[in-house]
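S.K.: Chains as they are written, first to last, in our numbering: chain A, 1 to 365; chain B, 1001 to 1365; chain C, 2001 to 2326; chain D, 3001 to 3326.
No lab work stands behind these hints: they were computed from the structure.
C-beta: ideal position from N, C-alpha, C; glycine also.
One or more hints might be untrue.
Some but not every residue of chain A turned toward chain C, in silico, with C-beta under 7 angstroms [claimed, not checked]:
{"hint": "1", "residue": "Gly-64"}
{"hint": "2", "residue": "Ser-168"}
{"hint": "3", "residue": "Leu-347"}
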Amino acid sequence: MPRQDVELGVPLEWLGIVDEQGQVDEELLPDLDDELLVALHRAMVLSRRFDERRLQLQRQGRIGTFAPAIGQEATQLGAISALGEDDWFVPSYRETPMSLWRGTPLWAVLLYDAGYNEGAEPPEGNKDLPIAVPVSSQVPHAAGIGYAARLRDTGEVVLVSFGDGATSEGDFHEGANFAAVHEAPVVLLCQNNQYAISTPLEQQMGSQTIVQKAASYGIPGIRVDGNDLLAVHVAAAEAVERARSGDGPTLIEAVTYRLSVHTTADDPSTYRDEQEEERWREKDPIERFRRYLVDRVAMAEGDVDGLEDEVAERIDEAWEQAEQRMAELGDPVDMFDHVYAERPAYLEQQRDAFQAERGEGGDDG
Amino acid sequence: MPRQDVELGVPLEWLGIVDEQGQVDEELLPDLDDELLVALHRAMVLSRRFDERRLQLQRQGRIGTFAPAIGQEATQLGAISALGEDDWFVPSYRETPMSLWRGTPLWAVLLYDAGYNEGAEPPEGNKDLPIAVPVSSQVPHAAGIGYAARLRDTGEVVLVSFGDGATSEGDFHEGANFAAVHEAPVVLLCQNNQYAISTPLEQQMGSQTIVQKAASYGIPGIRVDGNDLLAVHVAAAEAVERARSGDGPTLIEAVTYRLSVHTTADDPSTYRDEQEEERWREKDPIERFRRYLVDRVAMAEGDVDGLEDEVAERIDEAWEQAEQRMAELGDPVDMFDHVYAERPAYLEQQRDAFQAERGEGGDDG
Amino acid sequence: MAELTMIQALNLALHQEMAADDAMLVLGEDVAQTGGVFRVTQGLKDEFGSERVIDTPLAEASIVGASLGMAVNGCRPVCELQFSGFGYFAMHQLESHAARMRWRSRGRYEVPLVVRMPYGAGVKALEHHSESKEAFFAHVPGLKMVIPSGPRVARGLLVSAIRDPDPVVFFEPKAAYRACKEEVPDEEETVPLGTSRIVREGDDVTLIAYGAMLARTLQAAEQLAEDGIEAEVIDLLTISPLDDSTFTASVRKTGRVVIVHEAHRSFGPAGEVAFRILERSFWWLESPIRRVTGYDVTVPFFAREQAYLPDADRIVRAARTALREE
Amino acid sequence: MAELTMIQALNLALHQEMAADDAMLVLGEDVAQTGGVFRVTQGLKDEFGSERVIDTPLAEASIVGASLGMAVNGCRPVCELQFSGFGYFAMHQLESHAARMRWRSRGRYEVPLVVRMPYGAGVKALEHHSESKEAFFAHVPGLKMVIPSGPRVARGLLVSAIRDPDPVVFFEPKAAYRACKEEVPDEEETVPLGTSRIVREGDDVTLIAYGAMLARTLQAAEQLAEDGIEAEVIDLLTISPLDDSTFTASVRKTGRVVIVHEAHRSFGPAGEVAFRILERSFWWLESPIRRVTGYDVTVPFFAREQAYLPDADRIVRAARTALREE
Ligand SMILES: Cc1ncc(C[n+]2csc(CCOP(=O)(O)OP(=O)(O)O)c2C)c(N)n1
Ligand SMILES: Cc1ncc(C[n+]2csc(CCOP(=O)(O)OP(=O)(O)O)c2C)c(N)n1
Ligand SMILES: [Mg+2]
Ligand SMILES: [Mg+2]
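With the hints as extra help, turn the sequences into a complete structure.
M.R.: What follows is the structure, encoded as structure tokens:
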């Protein structure tokens, strides 16, 4: 036919399960253990309180700037809980809830926030890449890890997380296409929190949704209510399953909202209004999930208070541990470590000169 | 609704007008002057013969490597003829047919091929950017030129051309998105000639078509038979019109085939078979258009022979002119020109030293 | 005449140049609505509108590439990359196009483009926010590379960069953004590109620095003066094209040199400065040229960044060594 | 033992290393089906299959980025960027990730990655196909930067680079690809990274070069020898980490130095070599260090590229000048 529509050849879907009013679509409801549900709720609360505490610590000058995930807990925990322990997780810089779930200790996060490289070391046995600050640059890494997993037949899946703004970068495009061409076992999770610092979606991209970018790579895309933990979990579980069974990547767009600052250097009042924030506060993902739990799972309202105390205590302890580690880690000479597997001669000399200078004895230059 | 399809919000279409058998879809047929049609045919033949001659010249060692457009003449001339003289043209490196149509003299192309920078200078008054070798890197330039045109209200449209492989580069993605967000008057012409050097489409991208990448940017996309000059022209004219009236960019995928080598350094027999080339040779765009002209326009078969002679003569003359220019342009000291508007002191010194050395008198270093 | 921080001084330059030239545009991530992460572009959008002050998508290569297109089509874009550590995303657009368009088109197309990037360590920022890789850009023919040290020269250099017909990479020392205020005249003032300046005269040793390291170098000079050593301090201002007359002349006077930069040591800018001295003033050298630089390690996270950076003590020690040797 | 061109020698290294280590992969644009635009990877796909020898999409940042991911997950990728002039597209992946992953993860993740790029002028190629910006990569802590000059060292260095636990940028001089043949042993041979070599001994002047410029420098040494001047010629082989013991020792013997590279002059690698000499052998210098380099202009299209490049005459003149002065 001379003039006709072109078919995409891939599905692009929307998914929600528990809506804002707490209405549940029973058919779509996943069959998850109560234990897991309770753990996820606990993780959401922990992350929220941890972010709040860190905002305080930052204001007191005890840690530096960081990117809170407040408002995005359902997206992050819904997705990460679909990943197996032996799978890979490739974060950007706002994924504290996910990292904690994967086993990074609270004190390590604090150490990182306080400017210590040691905070970035992944815990023993954990398969997370460290934080990637350059936006989108981690997407190709995920494609490569996935390629290697397929080649070496390890059965691993890779979940990579990034923001709405990140989809504008060339690296997103190249990484997604690389994964798609090679049908690498990769889950591309876009946390659409509506802003890239001050830039809203409509100034960020020509498309109305992010999920439709999946069409570019010929991969399935699913757009999901990112404040609905169960919906995100279902979408992620499907994507993980697809990846694991050899059918390649999926693009997930989780529609959510950053309720707090971009980082502590940011002032949202310069680019968005209170009303908008208020509307989204009403959709708070923790509150929605708590109500669901209280309704459906044998969890009493009372349990929540106990949880708050427990969480506060864990955070206190973590800060103490972090402070202790910081005291031990004073020595800046460690900056000469880990540049190469073996320190080359000229670097050894620079290190020696640095040490000598600190003894005030040495020459420089 | 909890689970449903996502709408793209933009049309993605296929278009063909004159098919391989010469069947014409009368309804879609554009109303073009006979004069223009004859000129386009002449331009196709000129380009074809010019490429063939250059292949000879290259084999004789008189010019260096270049990228012939053999097989892609309908795509290039169909598209470029939809652009106004006051519009901008942003090529990559395989657009000789388009450049010639826009007024670049044959001898300038030859000068470029022979390794003289002077061959890259756009003719007076012409609004073409010079050849861009780094794949896709010119796409953002087009977005910027378009932005400036809109801002300054010049009414200009920008047509940027690139290949199928080029769509994998981050710069394509970023440039297309930039143009889309700002509704810049840009026409994105992808010449899908099936290969990026040796790499076929299915190893290049996850998607089945290139046109569907338009969805990523929320812009209309049209896939067109790239060996059907009229179809390409209609698609390009619509896109130019859309851009000019303020409705932003369009992605055109012209499906064609590179009948010859990638560049003269390439040996296609290492990656594709004779049969495939034969199938495409049967779809030769010039032959298809010639038949259409003879049928529809008052052009006799005989006119074609006269055309061949005329074209051969023009090419002979151009080579003479180019040789003459080369003889005049011997002086390598010109390499110190045009680095900055004004030559800084250290560069002046380097130039002086260069000149002194050629007189054998000077020091170096 | 007002007392301004470097941020305010840069902002003044942008305001005045936009007002003077309709062709000037400002673009980048978050430059319009919020006035940039450091607020250097604050107020521009309100005054000149969102067509001329543009929040772009998050994509550095296209910011530079589109700016180039704008420049070719009659505009004077000043684009911001949020931190120089993200400038590598646009390296190919700078190296392969911005630097070459004039040359490639034999002068037909000019690229009067300024690419602003905050650079350098010392503000307790995250990874990639402390880079000082000016050597990359200085090594590319066709680009100019400028680094101011204080508010007043920052303003004057930015105005010159905006008016320059060629692409300028303009590094702004974050550590000096709000570190001090200086008198900056209301009326127009330019500092020419390609000219360094002597900020302190002295006969004993030449200290060469730029950007955020200038303040530390001046501090070192004060310390040396306490012992009766008079250092001549030179602020390069433009890294490329490098003004080598001022410092080579100084070396002929002092015979002793220390070059200071926070960039990594190996293959850093000091190499070029030293070579120009070798080429022009070798016979006047009384001791080996010395350098005080960042180390050849990735800039550590902020708990250790001060240890990475040259400080006045290291500079003083190097100067003393240069003076002791002969 | 066979007489091989550099292309064949590199191909031998790739074949042998892939056979020896299942974890090794080769990837890049057109490396598999056709064996690369210069045929360096020819035959690998047939022998090791298209899972280990991969034609990638046309996208340099993802080639390097995905390679990094493969390296982190147990592979040893050797990727090819078609020309070093397109390496800037991947600059951010190299600078911000490949160079830092070991450091960032405190040693948890290694990146045993080789990024091969043909570099340099002299083969009548198109724009961007004649670049020599090794200084970019040499300035980045965490990367190694290697440039062989002939077939035998090319093979030995590539094997070392592949086995190295850190990322290596491996520049291959196009002009030397097929320029000559050399005996290359069939059995394993490695040339250690970070070690330069004296290729000609002499007492009068030290000539330091690498890559395609080595042949021209040796030619210059022959010309000088005709006049009884004995040049010591040093081939750097590894640009970073730079072996500064060999050349500083040589300078102590000769007192006179010429550094040769085809990279642009300003902010080029000669600056670092010179500074190491200043730091270690200043007192032995009898005349200023000199350099013969590419000019500070974009490499001209090929009709003029030979004029851009250092040649034996320029090197001879510089050596004579160095010898005349005192
Ligand atoms: C390549 C690069 N450019 C710029 C920045 C500065 N920056 C940090 S976060 C950010 C916005 C990212 O937005 P988005 O992708 O939506 O993620 P979000 O922060 O909202 O989670 C920017 C511009 C960066 N880190 N990396
Ligand atoms: C950034 C970059 N990478 C690699 C190359 C080398 N190269 C030149 S043309 C080409 C293939 C381009 O394919 P496509 O976009 O389909 O255009 P075509 O050549 O088929 O017209 C490649 C890889 C280049 N010029 N630029
Ligand atoms: Mg966001
Ligand atoms: Mg193609």
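S.K.: Hint by hint, say whether it matches the structure.
M.R.: Here is how each hint holds up against the structure:
1. Gly-64: Holds. Min distance 5 angstroms.
2. Ser-168: holds, 4 angstroms
3. Leu-347: Leu-347/A check passes; min Cβ-Cβ to chain C is 6 angstroms, inside 7 angstroms.
Going through the hint list in order, the structure satisfies each hint without exception.
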